[in-house]
Structure formats: C-alpha cells, structure tokens
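Since the structure of chain Z is provided, determine the placement of chain S on it from the hints.
There are 2 protein chains.
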Amino acid sequence: MKLIADNLRITRPEIRHALQQLDPEPVQALVKACEARGTWAIDVNTGPLGKFADIGMTFFMEAVQAVTDLPLLIDTANPDAMTAGVKAARNRIIINGFSLEPRKLEKILPLARKYDADIVGFLLYPDSRVPTDAAQRFEIALELMEKAEAAGVAKEQVIIDPVIPPLAWENGIVQARQVLEVIRTLPDLLGFPVKTIGGISNLGTNAPDKARRLAVEQSYVAMLAAAGLHFALLDILDSDLVQAAQVSGILAKEDIFSWGMVP
Amino acid sequence: MKLIADNLRITRPEIRHALQQLDPEPVQALVKACEARGTWAIDVNTGPLGKFADIGMTFFMEAVQAVTDLPLLIDTANPDAMTAGVKAARNRIIINGFSLEPRKLEKILPLARKYDADIVGFLLYPDSRVPTDAAQRFEIALELMEKAEAAGVAKEQVIIDPVIPPLAWENGIVQARQVLEVIRTLPDLLGFPVKTIGGISNLGTNAPDKARRLAVEQSYVAMLAAAGLHFALLDILDSDLVQAAQVSGILAKEDIFSWGMVP
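Line by line, the protein sequences are chains Z and S.
Each residue of the first sequence is one higher than the one before, counting from 1496 in our numbering.
Each residue of the second sequence is one higher than the one before, counting from 1496 in our numbering.
Pulled out of the complex, with its shape left as it was, chain Z reads as follows (with noise of 0.2 Å):
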C-alpha cells in the first residue's frame, strides 16, 4: 500500500493565502515536510479555481516540482484547472480525477490519453451522488471502465476510487464496509488486478478529538489495507497514523518479516 500525503490542499489558510500572493514558500515547505516523511506522491488539491484556473494551477505545479521529484496527483474538479495541471507537468502525474459527470467524462477522461497519464475513477452517480449499496458501486466502476476505454484510455489506467464515506453519514459504517468489500472484489469483477485508491481523511469528519479520528482511521486503515487498497490518500504529517498504515500495508503484502521492518 503507496501512501500519498494529501496535506496540499486549498483548504488550508496557508495554502490559499500562499496562492493569493503566488508565495511559493508555504507549498514548498510543505511539500518538502511531506517528503521527509517518505510519501510515494503528493496530492496537489487545487479546487476548483474559478477564473484563476490557469494561473492558479501553473503556480502549484510550478512551486511544487521546484522542490520535488515525487508523483503528483493533480487533484480539481475543474477541467481548465485540470487540462492547466497536465500542461505545467513535469514529474509524473496521476489525474485526479473523472466520473461518470458528463462534464469530466468529456473534459477530464481525455487528457489521461492525451497525456498517457494514470486518472483516478470515482464510484459516484453521473450527478456526484454517493451510491448507497456495494452492487450500484461495481455497476459504477463497469460503466468507467466503458468510458475509459471508449476514451482509448487503458483499462490499467484508471485507479478506482471508491469514496470512503464519513462514519457520521446516516449509513456511513454500512458504506464504510462496502467499500472494502468493492476494493476485495474488485479485480475479481473486473477480471484484471486493478488498482484502488481512498481517501483516509473523510472517515473521521466531525470527530470530537483527535484521539477518537485516530483510532477508527487507524482500524480503518488496516481493514483497508487487508482488503488489497494500492494507495491511501491520508495526512502524511500524522506519524501515527502513518506508523499504522506501514505496518498495515506490511502484513497485508509482504512475504517476509522481520522486526526491523517495522516503523
């Protein structure tokens, strides 16, 4: 299991201010606070960017690959942001990501081709919905698949993104298992070993302490882990955290053990 620190994010105060002012420095720092962590790739999570698409996107992507040599996801719903990101790549990029959103199928699914680039595929309904049970989700990742290849993008492309739901959500346990369910059963389904990504941070909105988040992601995160997940979108500066996807991502995959493997 890849781990990929998803700690560049426009949410952030710093990191908005950072693009108000196009100061490299707070990405950068960040990006390389990310790296001496060991991340496999960095998350570069625009949003949308309005109007400021191009300019807001090229100054990421930029300040980022000045300091780093790691994969980049590049992670916007929007597809001038997006179509801004390929362009301005140097390292090697994941797209993230399309759906079956008319818009993304048209906008976003090509540039994996045009770019020969990896895209991640979320398991949502064309109008963004979470699908409620694990049969809408294989029925979901088929029809991306239809896409994909109708967009001449190799199957072995895309990286399903299954969406873990917050536990908070009416349901959420429920779906929480389904996903692992989806990830187990996925390359079966599919009939070729397809990857998966999820995204650890959403499990825990609205967690009254950090000691709580902490413990379900941390459970959460060996279940996914056992399930066959490839990459775990998580908050890479959480060393705790981190410890317990490594050691997770160990048991699940390796076929030797030794203690000094363990973080």
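A portion of the hints provided could be inaccurate.
A partial selection of chain Z residues facing chain S, derived with a Cβ cut-off under 7 Å [as the list claims (entries may be wrong)]:
id, residue
1, Pro1703
2, Tyr1715
3, Gln1738
4, Leu1746
5, Asp1750
6, Trp1754
Don't read these hints as lab results, they were simulated from the structure.
For each residue, glycine too, the CB sits at the ideal point set by N, CA and C.
The following block gives chain S in isolation, referenced to the frame of chain Z:
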C-alpha cells in the same frame, strides 16, 4: 467481536506462585482487574498441571468463580485437568480446547456433550503441528466438525481457532494472512455461521519492544475483526490494544455509528 482476557495464565510467576501456595488472592486480584476492563470472559490457562491436575484446576476454578460470574474458558491440554475443570464449573464455560490429537478426541471432546459446553477446536494436525496453507486448514476444520458430530456435539458448539502464528516464524506473515482468509471463508465452506476465536498475543512473540509489538497487534486485530472473528483472546489490561480491538469490532459489525460509541 467479543474480547476475552488471556491474562490469567500459569506462565506468569505470580500465578504459578499462587498455585503453589494455594493462595487465591493473586488470582482473584487479576480476575477483578480484567473484569473491570470490560472483558467478556476469562481464559483460565492452567497449563497441564501434571499430577496436580485435580487439585490445581479445582483451586483455579474455585478462586475465579468466587469473584466473577463471567464465562470462563478452561484452557488446558490435560484431559484430567479439563475434567476437573468442567466438574468444578458453576459459571458458563467454554472448553479450550480439542484438536485432531487422538487423546483430545477421546478424552476432551466428549466433555462438551456431557456438560453441554461450547468447545474450541484448533486447526492443527493430529501431532499438533501447524498446517502451512489455507487448504490444509479447511480440511482440518471439516474433520474437526465431523469428529464433533460423531461425538454428539452440535456443530454450533464448536468454536474454531485457526491458530494465529508468531510473525517471526518462517512464513509467519503468510500464515497470518491465511488465518484471516480462513476466518473470512469458513462460514461459507461449512455452510453455517461458525464462530471463530484467535489469540492475538502469539503474533508478536519475540518483539524487540512494546511499541512495535503493539503496532502489529493493533493492525492485525483490525484485520481479524474485518474478517469476521467472533472472539479475540488478548491482554485485556493493554488499554491501547483493547481500544483498537473495540473500535475495530464497531467498524466491522455495527450498523449505526456515533462518535459516542468510540472508547
């Protein structure tokens, strides 16, 4: 997932000493501490007890039952000690346990029928070797169920212990994953919701420090819960591990979640 204290064991010097002195106090203090932590049951691990099978087991059962009404697992490989234990039982008991070893089939398994008690069945070869792949474990499980049925013990009385290996064993990490697979698929294979039990403490044998031991136990207990384990045998006084087990049990089973449920 119900938690069972594995704390009361003859390998602890103070418990061995209590037996030698026939002094119930240290045993009772430990039992009370376990009950205070919310254990569902107590594993009374007396070891074989040799020629003191009768007096030794009776001492333990009397001492424990004087201070708790919790279910007790009578944990000995010695049929004479086991017989003394079931005779001395007033609390609900679980016989822990039998295997394909002829002596246990002949002398321990029949006690489950005679005393109408649940009984743990270990997935071990007749000579007590640990099987090395999942297919062997399934075959042994089928054989255990046949032997139980032949002895007049209902299949629902048998609780399967797939025998969690030390990770540090050669191949231990692969076997640990096979154990998860067995727990997940055994109900389908046997055609009824067979109950399973696993001892967590084995996993971290020879850990170089407590922190790394806890890290692997926390991850693995979450994987066990997600696989559907019914009974986790663990150090109930290890509050970090117990929290991980409780949270994992919630995530694995509950249909409604609120943050107030998280310990």
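Quick rundown of the hints versus the structure:
1. Hint status for proline 1703 (chain Z): holds, given a least beta-carbon distance of 5 Å to chain S, under 7 Å.
2. Hint status for tyrosine 1715 (chain Z): holds, given a least beta-carbon distance of 6 Å to chain S, under 7 Å.
3. Restraint check, glutamine 1738 (chain Z) versus chain S: the minimum CB separation of about 6 Å is within 7 Å; hint holds.
4. Because the closest C-beta pair between leucine 1746 (chain Z) and chain S is about 5 Å apart, less than 7 Å, the hint holds.
5. Using the Cβ-Cβ criterion of 7 Å, the hint placing aspartate 1750 (chain Z) at the interface with chain S is satisfied: the shortest such distance is roughly 6 Å.
6. This hint holds: tryptophan 1754 (chain Z) has a C-beta 5 Å from the nearest C-beta of chain S, less than the 7 Å allowed.
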